[in-house]
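*Asks:* Residue 1 is where the sequence shown starts when you use our numbering, and the numbers rise one by one after that.
To be clear, the hints were calculated from the coordinates, so they are not data collected in a lab.
There could be a bad hint or two in this list.
[Said to hold, decoys possible] Straight-line alpha carbon distances no greater than 25 Å define the calculated SDA-like cross-link-like pairs of lysine to any residue that follow: (1) Lys71 - Ala106; (2) Lys133 - Ala106; (3) Lys71 - Leu83; (4) Lys41 - Met67; (5) Lys24 - Glu34; (6) Lys202 - Lys59; (7) Lys176 - Glu34.
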Amino acid sequence: MITVTLDTQRSKDQLNLLALPPKKRQRLVWRAAENLRIAAKSNIQKQQDWNGRSWAPRKHGRRKMLMGMRKLIVITEKPQQNLAKLRFEGGAYGVHPGIVAGAHQAGHTYKVNHVSRLKVKPQGSGKDMASTKRQARKLRELGFKRPGKRKGTYRSASIGWITENINYAQAGLLIKKLKGDPRKTNWDVTLPARPFLGANTKQREQAFARALQSINYGWDVNKQEMKRK
1 MITVTLDTQR SKDQLNLLAL PPKKRQRLVW RAAENLRIAA KSNIQKQQDW
51 NGRSWAPRKH GRRKMLMGMR KLIVITEKPQ QNLAKLRFEG GAYGVHPGIV
101 AGAHQAGHTY KVNHVSRLKV KPQGSGKDMA STKRQARKLR ELGFKRPGKR
151 KGTYRSASIG WITENINYAQ AGLLIKKLKG DPRKTNWDVT LPARPFLGAN
201 TKQREQAFAR ALQSINYGWD VNKQEMKRK
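Model the full assembly from the supplied sequences, consistent with the hints where possible.
*Replies:* Structure representation (structure tokens):
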């Protein structure tokens with residue numbers, strides 16, 4: 001969540017915002033919050049933080065992250081306090097979207113055990129499901145070979161052969177055996193920080209400058225101040 005409010009002392013000196021009617025002031029705060037909401041959605045689209053630094057990439061795959069979160073950012077107003085907040089609402093994450101956003105915003109480490117891990121695996125024992133391409137690539141990486149045509153011989157196994165002839169459960173057991181790792185009952189999973197909701201000082205000033213112009217109180221705002229970073 002991010003809070004947008006008027007810096008009344010600074011505003012009084014530079015923009016005389018306190019002279020605005022209450023509804024105008026709240027309109028200004030809301031529009032500034034809307035500008036920051038748009039910026040947050042843009043950060044998600046670009047997979048970066050508000051300073052332009054790229055997020056840590058996915059461990060597996062290349063699909064963009066948190067894209068569904070863009071539609072869940074909403075604005076809550078508190079007119080009496082000249083305040084607006086960006087928060088999260090809706091979605092189908094199974095938990096409040098604000099929890100998901102917070103975990104990505106700041107990073108999070110959580111514990112996983114064997115029982116909880118089973119809940120996110122494909123339904124069933126895995127014996128009636130084909131192995132995945134990811135499992136097949138891992139088996140090849142670990143040096144797995146399939147039986148050759150002649151008895152006692154072995155040959156390299158293609159990804160296609162593995163997915164067609166080895167089921168999901170078998171592939172999992174083979175990977176564990178080839179890796180030689182002791183079976184873990186619990187382990188830590190670290191989610192790297194991927195911040196998107198926020199703004200530096202310049203961006204906050206630009207958000208208010210654009211908001212001022214939008215309510216026709218931007219007579220003393222230079223166009224250079226309105227330019228997006």
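*Asks:* State for each hint whether it applies.
*Replies:* Hints, one by one, checked against the model:
Taking the CA atoms of lysine 71 and alanine 106, the gap is about 20 Å. The hint holds against a cut of 25 Å. With a C-alpha separation of about 32 Å, the suggested pair lysine 133 and alanine 106 falls outside the 25 Å cut-off, and the hint is violated. A hinted pair counts as satisfied when its Cα atoms are at most 25 Å apart, and lysine 71 with leucine 83 qualifies at roughly 22 Å. Restraint check: the Cα-Cα separation between lysine 41 and methionine 67 comes to about 9 Å, which is no more than 25 Å; the hinted pair holds.
For the hint pairing lysine 24 with glutamate 34, the CA-to-CA distance comes to about 15 Å; that is within 25 Å, so the pair holds. Between the alpha carbons of lysine 202 and lysine 59 the distance comes to roughly 33 Å, so the proposed pair goes past 25 Å and is violated. A threshold of 25 Å between alpha carbons decides the hint, and for lysine 176 with glutamate 34 the separation of about 50 Å lies outside it, so the pair is violated.
In summary, the structure is inconsistent with hints 2, 6 and 7 from the numbered list given earlier, while agreeing with the others.
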